[in-house]
Each structure stands twice: as structure tokens, then as C-alpha cells.
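Undergrad: Protein sequences, first through last, are from chains A and B.
Once you know that position 180 of the first sequence is 180 in the UniProt record's numbering, the rest is easy, because the numbers rise by one and skip nothing.
Once you know that position 69 of the second sequence is 69 in the UniProt record's numbering, the rest is easy, because the numbers rise by one and skip nothing.
Just so you know, these hints were derived from the structure itself, not from any lab.
Just so you know, not all the hints are guaranteed correct.
[Stated by the list, open to error] 25 Å max Cα-Cα, derived SDA-like pairs, lysine to any residue: (1) B/K51 <-> A/A129; (2) B/K52 <-> A/A129; (3) A/K140 <-> A/V98.
[Said to hold, decoys possible] Partner residues are not named here, just some residues of chain A that face chain B (Cβ under 7 Å, in silico): (4) R61; (5) V63; (6) E65; (7) Y72; (8) D75; (9) V76; (10) Y88; (11) A91; (12) R94; (13) V98; (14) F147.
We put the beta carbon where it would ideally sit given N, CA and C, even for glycine.
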Amino acid sequence: MAEVKVIGAWASPFVMRPRVALNLKKVEYEFLEEEFGKKSELLLKSNPVYKKIPVLIHNDRPVCESMIIVQYVDDVWSDAAILPADAYDRALHRFWAVYIDDKWLPSLFGLAKAQTEEAKAEAVEQLFAGLKLLEEAFEKLSKGKGFFGGDSIGYLDIALGSLVGWVRAMEKLNGFNLLDEAKTPLLAGWAERFCAHEAVKGVMPETEKLVEFAKVLQAKWRSTPAN
Amino acid sequence: MGVDLLSYWVTPYGMRVQVALAEKGVEYEFKEENLLVGKSPLLLQSNPVHKKIPVLLHDGKPVCESLVILSYIDEAWPETAPMLPPAADPLARAHARFWADFVDKKIMDGSVNIWKSNGEAAAEAAKAFIESLKVLEGELGEKKYFGGEGFGLVDITLAPLMAWYYAYEKYGGFSMEAEVPKLMAWGKRCLERESVAKSLPEPEKVYVFVGQVRKMFGLE
Chain A
1 MAEVKVIGAW ASPFVMRPRV ALNLKKVEYE FLEEEFGKKS ELLLKSNPVY KKIPVLIHND
61 RPVCESMIIV QYVDDVWSDA AILPADAYDR ALHRFWAVYI DDKWLPSLFG LAKAQTEEAK
121 AEAVEQLFAG LKLLEEAFEK LSKGKGFFGG DSIGYLDIAL GSLVGWVRAM EKLNGFNLLD
181 EAKTPLLAGW AERFCAHEAV KGVMPETEKL VEFAKVLQAK WRSTPAN
Chain B
1 MGVDLLSYWV TPYGMRVQVA LAEKGVEYEF KEENLLVGKS PLLLQSNPVH KKIPVLLHDG
61 KPVCESLVIL SYIDEAWPET APMLPPAADP LARAHARFWA DFVDKKIMDG SVNIWKSNGE
121 AAAEAAKAFI ESLKVLEGEL GEKKYFGGEG FGLVDITLAP LMAWYYAYEK YGGFSMEAEV
181 PKLMAWGKRC LERESVAKSL PEPEKVYVFV GQVRKMFGLE
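In isolation and in its complexed conformation, chain A is listed as follows:
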């Protein structure tokens, strides 16, 4: 029986986060894929509060919430530190991770759900404004190296990097670049580097597959009465 399991789904950026963390630590785990539209008994038992993926199960004990799982993985396996050593840098990584989940990701989701040109334009404006802030944060935190975490993938790399697949899918669906070399050169370079990393390659969903999946979701949202 596997000591470490992750309950998740291939398309979820939140699920990608603990997987990248475990890969960075070279920890073997069993991936238990949830069926789209259903929630397994194990999921409901392991995350009774939110009933959501991802859930990490370590020696039969569940841990929930993607970035809390990432911290847990960092706490348990000490190689390849994910959070920076300095307390202030840690605060910055955490601050931007919260920004991404509370502000930036909802805008990306807003773009995916937008049914009017107006709504799309608003979402895009917010996304570009956010990317500008993240570009500045990258410059400050990377200290000239390749990742927010410096030489290696760190907490904030995982928080933002897990969204790159969906960013690429939105770029394809809408026909323009969000991660634009001209607008945010550092982030554009970082995204390539992140996707190519050995801890990420195997778990980053393919853009084409996400595009197809997005179309399925969009059809579903369009057919549902106003939300």
C-alpha cells in the first residue's frame, strides 16, 4: 500500500501543486484520479469540510488545501527546500501566493467564463495588471536567478506555475498572448523554464487537452441558467 497518495484530477492546477512539490522531493506517490463530475468515497471521507481536490494522504492521514499541502510536504521532506530560508522572503512568497489565489486566478476563471466581449476585456485587463505586478515580484524575488525561489523551484513558483497550463489554453482559445515576451519578459522566460523542469514536465497538463476540456466546460456554463 502506497505511503503517499494524492487524490486529484489531471486538469486541476490546484492538484498540480502538491505533485510538483512531491516530485521536487523525489517522493513516490500514488495518484488517485477522481472521475469528472463525481466525488469518490475516499475524497468525501478525507476532506469532509470542503469535499475538494487535492487531498494528500500520508500514512492514512489526510492533508487538504493545495498550498497547505505544499508546506506540509516541505516540512516532512527536508531536501530541496521549497520555502525560502529567510523569514521576510517567506512572507513575500506567501503574500503573492494568496494574491494569485484570491485575485489573479478568479480573473483567469472570469476570462474562461466570460460570455460577452465586455466581460472578456475586463478580465484581460485585470490579468495583465496582475502580471505586471508579478513581473516586478519576480525581479525582486529571483535575485537574477531562474525562479521566484532563486536557483530552484520555490513556493511561489509552484503557486503560479501550476496555472501556466490554463494560461496557455486561454491564450489558444482567445488568440492572444497573456504571457507576452514584450510585456512581461521575465515571466515569459520563467514560464518556459518552469514547464521544462523535470519536476513539472510529467504533471503539467497538455495545452491541447485543456483547450478541449475548456470547451466542454464553457458549453456547460452556457447551457446553465444565469449564475
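Given the coordinates of chain A, work out where chain B should sit on it, guided by the hints.
TA: Same frame as chain A, now just chain B:
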């Protein structure tokens, strides 16, 4: 340069930070941002992304987002009053972080609608609020604090409830004592701590403040 806290007496997010600093015995200067009047240049400069309080300044360097601030305080002053279970127990640490996050997601985020709206919206918000408090009460169980014997992260995160509960009760039309008696008992234990007693305003004062804000928003 030392430690400064940009905050306002009534914000529960700021109270958490005050409690944490008091628990750690850290001296700091409270720089009041009067929300009813406006935002200072220092606030706008220190939190350009959100322009919100609280902001902790440590030797001039700003830390924003109350839970991020709490983690920072715990890590910058590790020798006194640790907020988290020991490093040897990462699962307990993960659980503490989970429940602190739950307080924000399921209790604090929605609580504003109890008093910032009327009728159906307020009733819905009160219902959701009570449901989530009951979940928390279940998590507390028979423990003295959420942190067990020790006052910890979850306790610090939720403690400001003891300043705001009266306003929630009045505008939400329910009784905290009736709905979550064990949680209220926990709250009273928290208030016995000096850090909490001196960081939380009187519930009556908060209730009056809320009434003033409601008038400003034309809700009365």
C-alpha cells in the same frame, strides 16, 4: 526602526496581529489608519497591491495579509510563545494552518454580510456563519484551546470574534451562547489572556461602530 503596525482599532484582522505581537512580547508602535477618514501615504506605499490594513512594518519592510503576518511574526520571533505545534509534528502544523484558513474562508469572509446587508442576504449570511462556527466548535472538542494546552495560531486567528460577536448577534438575530456555547466558553478563556484582553475592544463599542457604518451606507 523597530516594529510598526498600521491598523485600526475595530478591524478583527488587525486585532489578530496585536494579539500575536503581545503573545511574543514584541514592542511596537500602533499607527492608526482611520478607515472612516482615508488611507495614509504610508499605507498606500506599504501595501500598494491591496491598500488594506493591517500592515506590519519590520525595520521598514512591509508584510501584508493578516495570516501571512502571523506566520512572519511566528518565524521572526521563534523563541517565545510558538504559534504552531513543533516542527517534529508537521501534520499538526498542517491542521493548524488548515483551520486558520477555514476561519477566514468560512467565517470571516462572509461575516460582513451579516451587518452590511439587510433582510434575506443578512439572514443567509448569519445562517452560513453559524454553520461554520459549529464546525469549528466540533474541531475544538474538549480542548482548552484549538492549539491544545497551548494558545496557538487558530486561537489567535479566531480570538477577535470575541469583540465582534455581539454585533453579529444583534444584526444576525441569533444568540452565540445558544448556538455555540462551547465556542463562547473558549472565547472567554481567550479573554482571560492579557494579550487578548488588551487587543480587543469592548463588544458594545464595536456594535456602536457598526451602527455608524450602516448609517453611512444607508442601511438603517
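Undergrad: Checking each numbered hint in turn, tell me which of them this model violates, lowest number first.
TA: Hint 14 contradicted; others consistent.
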